[in-house]
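J.: Keeping the supplied structure of chain A fixed, place chain B upon it in accordance with the hints.
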Amino acid sequence: MNENRGSWYLLTGIIIGIGLGLLVSWVLWPTRYRDNAPASLSEEYKDDYRALIAAAYMASGDAERARTRLALLGDTDISTALIAQAQRSMAAGHPEAEVRALSLLGLTLSSGDGGATPVVAFPSTVTPLTPSTAMPSATATHTGIPSPVVAWTPTPVDTPNPTSLIPATSISTQSGTPTPPTSTSTPPPPTFTIAPTFTPTPTVTPGQPFRLLQKQIVCNPDLSQPLIQVQVHNASGDPIAGVEGFVFWEGGNDRFITGLKPEMGLGYADFIMKQGVVYTVQLVNGEPVRDLTVNQCTNSSGDQYSGGWLLVFEQP
Amino acid sequence: MGRWIRFFIAMVIGAAAAMYYGWKLNPVRYAETTPDTLRVDFKADYVLMVAEAYRSEGDIDLAARRLALISADPPMKTVTSAIQEAKKIPVPESDLATMQTLEEAFTDWSPVPIKASP
Numbered sequence: 001m002n003e004n005r006g007s008w009y010l011l012t013g014i015i016i017g018i019g020l021g022l023l024v025s026w027v028l029w030p031t032r033y034r035d036n037a038p039a040s041l042s043e044e045y046k047d048d049y050r051a052l053i054a055a056a057y058m059a060s061g062d063a064e065r066a067r068t069r070l071a072l073l074g075d076t077d078i079s080t081a082l083i084a085q086a087q088r089s090m091a092a093g094h095p096e097a098e099v100r101a102l103s104l105l106g107l108t109l110s111s112g113d114g115g116a117t118p119v120v121a122f123p124s125t126v127t128p129l130t131p132s133t134a135m136p137s138a139t140a141t142h143t144g145i146p147s148p149v150v151a152w153t154p155t156p157v158d159t160p161n162p163t164s165l166i167p168a169t170s171i172s173t174q175s176g177t178p179t180p181p182t183s184t185s186t187p188p189p190p191t192f193t194i195a196p197t198f199t200p201t202p203t204v205t206p207g208q209p210f211r212l213l214q215k216q217i218v219c220n221p222d223l224s225q226p227l228i229q230v231q232v233h234n235a236s237g238d239p240i241a242g243v244e245g246f247v248f249w250e251g252g253n254d255r256f257i258t259g260l261k262p263e264m265g266l267g268y269a270d271f272i273m274k275q276g277v278v279y280t281v282q283l284v285n286g287e288p289v290r291d292l293t294v295n296q297c298t299n300s301s302g303d304q305y306s307g308g309w310l311l312v313f314e315q316p
Numbered sequence: 317m318g319r320w321i322r323f324f325i326a327m328v329i330g331a332a333a334a335m336y337y338g339w340k341l342n343p344v345r346y347a348e349t350t351p352d353t354l355r356v357d358f359k360a361d362y363v364l365m366v367a368e369a370y371r372s373e374g375d376i377d378l379a380a381r382r383l384a385l386i387s388a389d390p391p392m393k394t395v396t397s398a399i400q401e402a403k404k405i406p407v408p409e410s411d412l413a414t415m416q417t418l419e420e421a422f423t424d425w426s427p428v429p430i431k432a433s434p
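So the sequence lines, in the order shown, correspond to chains A and B. Numbering follows my numbering, with no gaps: position 247 of the first sequence is 247. So my numbering is basically just the index in the second sequence, starting at one, shifted up by 316.
To be clear, the hints were calculated from the coordinates, so they are not data collected in a lab. Beta carbons are placed, not taken as given, at the ideal position from N, Cα and C, and that holds for glycine. Worth double-checking, as some hints may not be accurate.
Think about it this way: if two alpha-carbon atoms lie no more than 30 angstroms apart in a straight line, the pair counts; the simulated DSSO-like pairs of lysine-lysine are [what the hints assert, rightly or not]:
# : chain 1 : residue 1 : chain 2 : residue 2
1 : A       : Lys-46    : B       : Lys-404
2 : B       : Lys-393   : B       : Lys-403
3 : A       : Lys-46    : B       : Lys-340
4 : A       : Lys-261   : B       : Lys-340
Derived CB-CB ranges, DEER-like [unchecked claim]:
# : chain 1 : residue 1 : chain 2 : residue 2 : range
5 : B       : Glu-409   : A       : Val-278   : 54 to 62 angstroms
6 : B       : Asp-377   : A       : Gly-74    : 29 to 37 angstroms
7 : A       : Glu-287   : B       : Glu-409   : 42 to 50 angstroms
8 : B       : Ile-376   : A       : Glu-43    : 52 to 60 angstroms
Just chain A, same shape as in the assembly (with noise of 0.2 angstroms):
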């Protein structure tokens, strides 16, 4: 009777075992990784290291430490996570400082990957000026530009190795009341000069208002929606990027900050416009532009659309 039964437990023996071991090694007591890299924490993790890094980066002024950083987390294209990141914060309300941080490192890693050289504003007192509705706070402080520092960003692995760190080798203006509807598109992103390297010398001078250079209706049929547009540069032409903005109106208001969409220039930002709302922007550091308000326009068939404004700002 037992030579029927053949060796069919020695299976059974072994399918138990199997399983026994994969419990114990996978459930119960899985391989357990205390020594790990940045590019396996969690997107919310990673999310918190770069605005660190960005942060640290506002201080010290050094682009190739926060690049070496950056690279830890393995994301693919450096810039663009930062940037977008800087927008996901904007939206979710976090501070103003950790937005422009975000934006500007953002920025600065894009040029030096041959993009433009971005003129940056970097934090100084500001005091925010009062419009007739209410306005949030906006406040930072002048960090200045210290010196460039040594790297000495870990080396990243694939493998949990405890060992110690290995340094980084360094590692025309119109203002007022507005003109008729005219048809004027709108105008090309401005060009830059294109440098090697970028040094985050603040070129516009802390404290200097912005004036409003330009004010000018915007009819242009390929964009879907009206567009309150702000370009901001400098005595020299040159883009300003994370420059803070505000937009009021009855009931409500929103900020914005120049540079988050890089394809349309660095000292770029738009707002959606609403028909029969009456919009001030106002920058930090600036004088308001009251009474905006979305544009009827004609196109070449005589039909109408909405059509928006374009301010042009200026900092001496």
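T.: What follows is chain B alone, placed relative to chain A:
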């Protein structure tokens, strides 16, 4: 050899093979880790970033919250450990000084108690 002994041996062989597979060949991967599991040198660099940010922001409570992500220890202990780690390598004196400034800032620091809602 009895059937039970052979059965037991087969089970042990199966378990050993499975554990080798589960621990060595295809171990559990942690793709969604938290900052407290970072390698010690990454933690040291994290502390340096906190110190650099503190230097310009001057917000010691914010620095403490950032440090809490990588360790449950008191912030000062976290910074001290990071400094000791940094000293093991040729770290620039300026970086050490930055971290020591943060360490000193925590000397007289005490957490702000969270007010309980009524």
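J.: Would you list, in rising numerical order, the hints stated earlier that this structure does not obey?
T.: Hint check: 4 and 8 fail, others pass.
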